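**Student:** Listed below are the residues making up each chain.
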Amino acid sequence: MRDNAFDFEEKRDIAWCPGCGDFAIRNSLLGALKELGVPREKLVMVSGIGQAAKMPQYVNSSFFNGLHGRSLPVATAVKAVAPDLTVIAEGGDGDMYGEGGNHLLHACRRNPDLTVFVHDNMIYGLTKGQAAPTTRQGTHTPVQVFGVAAEPFNPVAMAIAMNVGFVARALSGDIQGTKEIMKRAIRHKGLSLVDIFQPCVSFNKLNTMQWFKANTYALPPDYDSHDRAAAFAKALEEIPFPLGVLYESEDRRSFEETLPVYREDGTALRERSLDIGALRDVVLGMR
Amino acid sequence: MYGKKYVFRGDLALVIAGGAGQGIQTIESMLAFLAKRGSYHVFATKEYMSRVRGGCNSTELRISSAPVSARVERIDILVALSGDAVPHLGSRVGDRTLVLGEREVVGREDMVDMPFTSIASEIGSPIYSNSVAVGAVVGLLALERGLCESAVRELFAPKGEAVARDNVAAFLRGYELGSKLAGEVQVDIGPPADVAGEIMLTGADALSLGAIAGGCNYVCAYPMSPGTSLLTAMAEHSRKFDILVEQVEDEIGVANMALGAWYAGARALVTTSGGGFALMGEAVSLSGMIETPLVVHVAQRPGPATGLPTRTEQGDLDLAVHAGHGDFLKVVLAPGDLAEGFELMRAAFDIADRFQSPVFVLSDQYYVDSYYVTPAFEVPDRILKNATVRTSSDYRRYALGSPDGLSPRGLPGVGEGIVCVDSDEHDESGYITEDAGTRRAMVAKRLAKVEAAKSAAIPPRLYGGEKGYRTLLLGWGSVKGPVLEALRVLGRDDIAFLHFPWVFPLPPGVGAYLDRAGTLVAVEGNATGQLADLVGGATGRRIDRRILKSDGAQFGVEELVEGISASAERGRRE
Chain A
1 MRDNAFDFEE
11 KRDIAWCPGC
21 GDFAIRNSLL
31 GALKELGVPR
41 EKLVMVSGIG
51 QAAKMPQYVN
61 SSFFNGLHGR
71 SLPVATAVKA
81 VAPDLTVIAE
91 GGDGDMYGEG
101 GNHLLHACRR
111 NPDLTVFVHD
121 NMIYGLTKGQ
131 AAPTTRQGTH
141 TPVQVFGVAA
151 EPFNPVAMAI
161 AMNVGFVARA
171 LSGDIQGTKE
181 IMKRAIRHKG
191 LSLVDIFQPC
201 VSFNKLNTMQ
211 WFKANTYALP
221 PDYDSHDRAA
231 AFAKALEEIP
241 FPLGVLYESE
251 DRRSFEETLP
261 VYREDGTALR
271 ERSLDIGALR
281 DVVLGMR
Chain B
1001 MYGKKYVFRG
1011 DLALVIAGGA
1021 GQGIQTIESM
1031 LAFLAKRGSY
1041 HVFATKEYMS
1051 RVRGGCNSTE
1061 LRISSAPVSA
1071 RVERIDILVA
1081 LSGDAVPHLG
1091 SRVGDRTLVL
1101 GEREVVGRED
1111 MVDMPFTSIA
1121 SEIGSPIYSN
1131 SVAVGAVVGL
1141 LALERGLCES
1151 AVRELFAPKG
1161 EAVARDNVAA
1171 FLRGYELGSK
1181 LAGEVQVDIG
1191 PPADVAGEIM
1201 LTGADALSLG
1211 AIAGGCNYVC
1221 AYPMSPGTSL
1231 LTAMAEHSRK
1241 FDILVEQVED
1251 EIGVANMALG
1261 AWYAGARALV
1271 TTSGGGFALM
1281 GEAVSLSGMI
1291 ETPLVVHVAQ
1301 RPGPATGLPT
1311 RTEQGDLDLA
1321 VHAGHGDFLK
1331 VVLAPGDLAE
1341 GFELMRAAFD
1351 IADRFQSPVF
1361 VLSDQYYVDS
1371 YYVTPAFEVP
1381 DRILKNATVR
1391 TSSDYRRYAL
1401 GSPDGLSPRG
1411 LPGVGEGIVC
1421 VDSDEHDESG
1431 YITEDAGTRR
1441 AMVAKRLAKV
1451 EAAKSAAIPP
1461 RLYGGEKGYR
1471 TLLLGWGSVK
1481 GPVLEALRVL
1491 GRDDIAFLHF
1501 PWVFPLPPGV
1511 GAYLDRAGTL
1521 VAVEGNATGQ
1531 LADLVGGATG
1541 RRIDRRILKS
1551 DGAQFGVEEL
1561 VEGISASAER
1571 GRRE
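Going down the list, the sequences are from chains A and B.
Mapping of the first sequence onto the numbering used here: position 167 corresponds to residue 167, and the numbering continues sequentially without gaps.
Mapping of the second sequence onto the numbering used here: position 226 corresponds to residue 1226, and the numbering continues sequentially without gaps.
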């Protein structure tokens, strides 16, 4: 018998490669959901396309597995229409930082109460090994045969620059640590972004788990995650990359809290009815 | 006046032309308001350049004692506000056109000089010149002075007592000027009509009211002319109704956000134009795959690409019909008049919900921007809500077995079950599969909905031809008003008009209408005859003639009169 409502009774055929960091991230996620006591029926997982974006398939909850890069507009609407739901958007670096980059920028501006988990393996896995937005400069791939020239995308620095209220970086191999960060991210009111380093055992022979372990360090216990300027400076650090909650703040109102439809009435939008009398008045007002 | 006399009988075609920012719209809306107060029918349509200041724009106002919903090429009276006005309108300004304006600005001999600006300055400021111009036209039409005076006061009252007083004074000075022309200019529009109970609104207004009546409570869009007018209208209504209005970062985000909203239980509306709609193609396909409703309003403008951003065309029917990769149901509706705008936009939400599919409402710049007087819409008592179910613990979103391909739609968080939708091919529960048998069953499920929707289609509407017809005109969308007026002018009982409020998938029974005609003539605002190809392809009938227009303007009644009668004659000879 399963001990976690978000897990399945029966064994599932999971499409990830053996040894993929996605398995560890799934363990952290299921643990976080259980420990937070999220009602199973109240969770919606939203994702785009990619190996990471298959996560909703392997969590026993409602999900919207849509188009490549488009999870955030979907998730934003789901939360706005039914604020009682817990909404998690999950995907890979290509999905969230490449194809969906514009939506991520504007989700940072809107600040919907969503949790965004990004599996960052610095490579495109599903399409077999091309450069991702986070691939390190100089990395050779079957497409970038002369090595990647572009500057890698720095998601945590971007998010802190946009004043996102919860910004963290985790490492898939640290299941406990990742789970604890996930719990704090889900609890945060407003947008939270967790960039999760993970190895791609099939297509990234450079950024292996050994490489990540050698090139990361945990933020010290006395680190002040509420100092935005210091957090930004920290977010710029690379090789080694800091791991942990880089920045948190409760200052911003969430998207749903700013919506005029919820200013005086907290009833979920989907539970309201049209005032036909008011519509008749508007029609007749056009005389 | 050089002894020249002008006689205008029947409906009056008035054009105001000048640079952007010169007050054309102020004059137009004041005149329309006063004419309706004076118990006349009014129709207004505008053409404008894609710029905020300068250039040359015009608006056409028809004032009539009978309902009017079409534009004409003829200009009876032109109020010219700039030197470009007359050249801009070209051959539409003829020998019988009375040109009003300031001669030194307009630069024309054959006109009536009216010093709008200097009169306005005498009253206090040149900004009152528009009220002088309005007064001049109203004086010419001899609308009741007292009634119009109080209407002008009412219009400006919100801007303060001094502004209202000065505008009334300006209006009255203009009225005096207009009245003095009575000797040389005779205007007889006909007896006033009873329009007090009727409403005057734009196509965008009609669509917005239809959307609200359809239960719309979520609007997302990226601004794009001419689709923005519906976004603005919905934003205004959102003050009074529970509507969430969000401007999204791009059209791809727009369509995906709308799907998220429908998935969670809202009734979402997207509004855009052809270019933005093209960006939504993948999300349209997603709507088909995950069987989640979507309503998209596409206000068409001439393409390809940026085309003529502020002008009109019906060039996106092919795009709508073929939107999204793969095989799935999509429904295309297209209102021909204001009443249909209300009716179809309301229906769009129910059709999308019932068939769990994308529905496109195609209008165009001419449709959304034009306005006229029409009977007030009946708001039905029935409150439209999503036909969703409360899920049980064994709920499967894509349960097979229903002959119409429909499986009950649950909402996440409503019930014991979970609601799983996936853009990959999926099994009944929503989980990814590559099993060929399941694939075949899911393809059949989606295609069954096409047949189900066809049997629920709104049939095409036949105008004229009560005793049979020789020539049958085919049209969709905004050509309806111009075609109907052209037929009235022609007065021939051997020509009928078949108009399609529901364009795609083509409703059953269309062939029977075609079989009764000798000659089939499509009338469309595009370069190739997209409806003609659609109807021809679906029925196997050859469409004999196509009357087409793709220069950025709607058909004028005169050119349709000519085109229809020439097509009918040629059809008879053949």
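Just so you know, the hints here were simulated from the structure itself, not pulled from any lab data.
Values in this document were obtained by computation on a predicted structure and should not be read as measured data.
Ideal Cβ placement from N, Cα and C applies to all residues, glycine included.
One should not assume that every hint holds.
What the hints assert, rightly or not - Covered by chain A, per the in silico footprint, the following chain B stretches (three or more residues, Cβ under 8 Å): (1) 1040 to 1053; (2) 1142 to 1154; (3) 1164 to 1174; (4) 1201 to 1210; (5) 1254 to 1260; (6) 1327 to 1337; (7) 1472 to 1483.
Unchecked claim - Distance ranges between label pairs, derived from CB positions: (8) Arg1382(B) to Leu236(A): 51 to 61 Å; (9) Ile239(A) to Asp1435(B): 38 to 48 Å; (10) Thr267(A) to Pro1126(B): 47 to 57 Å; (11) Pro18(A) to Arg1390(B): 34 to 44 Å.
**Student:** Checking C-beta pairs, does the region 1164 to 1174 of chain B have three or more residues closer than 8 Å to chain A?
**Tutor:** It is violated, with 0 qualifying residues against the three required.
**Student:** That 51 to 61 Å hint for Arg1382(B) and Leu236(A) (C-beta), does it hold up?
**Tutor:** With Cβ atoms ~59 Å apart, the hint holds.
**Student:** I want to verify a distance hint. Is the separation of the beta carbons of Pro18(A) and Arg1390(B) within 34 to 44 Å?
**Tutor:** Holds, since Pro18(A) and Arg1390(B) (Cβ atoms, about 41 Å apart) stay within the stated range.
**Student:** In terms of beta carbon proximity below 8 Å, does the region 1327 to 1337 of chain B have 3 or more residues touching chain A?
**Tutor:** Result for this restraint: violated, n = 0.
**Student:** Is 47 to 57 Å a correct range for the gap between the Cβ atoms of Thr267(A) and Pro1126(B)?
**Tutor:** holds (52 Å)
**Student:** Holds or violated: the region 1201 to 1210 of chain B covered by chain A, criterion of 3 or more residues with Cβ-Cβ distance under 8 Å?
**Tutor:** As far as the region 1201 to 1210 of chain B goes, the hint holds, because 3 residues have Cβ atoms under 8 Å from chain A.
**Student:** Establish whether the coverage given for the region 1254 to 1260 of chain B by chain A is satisfied; the threshold is a Cβ-Cβ distance below 8 Å, and no fewer than three residues must meet it.
**Tutor:** Holds, because 6 residues of the region 1254 to 1260 of chain B bring their Cβ atoms closer than 8 Å to Cβ atoms of chain A.
**Student:** Three residues or more, CB to CB closer than 8 Å: is that satisfied between the region 1040 to 1053 of chain B and chain A?
**Tutor:** violated (count 0)
**Student:** If I claimed the Cβ atoms of Ile239(A) and Asp1435(B) lie 38 to 48 Å apart, would that claim hold in this structure?
**Tutor:** holds (46 Å)
**Student:** Check whether three or more residues of the region 1142 to 1154 of chain B sit with their beta carbon closer than 8 Å to a beta carbon of chain A.
**Tutor:** Violated, because only 0 residues of the region 1142 to 1154 of chain B bring their Cβ atoms closer than 8 Å to Cβ atoms of chain A.
**Student:** Per the coverage rule (Cβ-Cβ under 8 Å, at least three residues), is the region 1472 to 1483 of chain B covered by chain A?
**Tutor:** violated (count 0)
Checked against the numbered hints above, the structure breaks hints 1, 2, 3, 6 and 7 and satisfies the rest.
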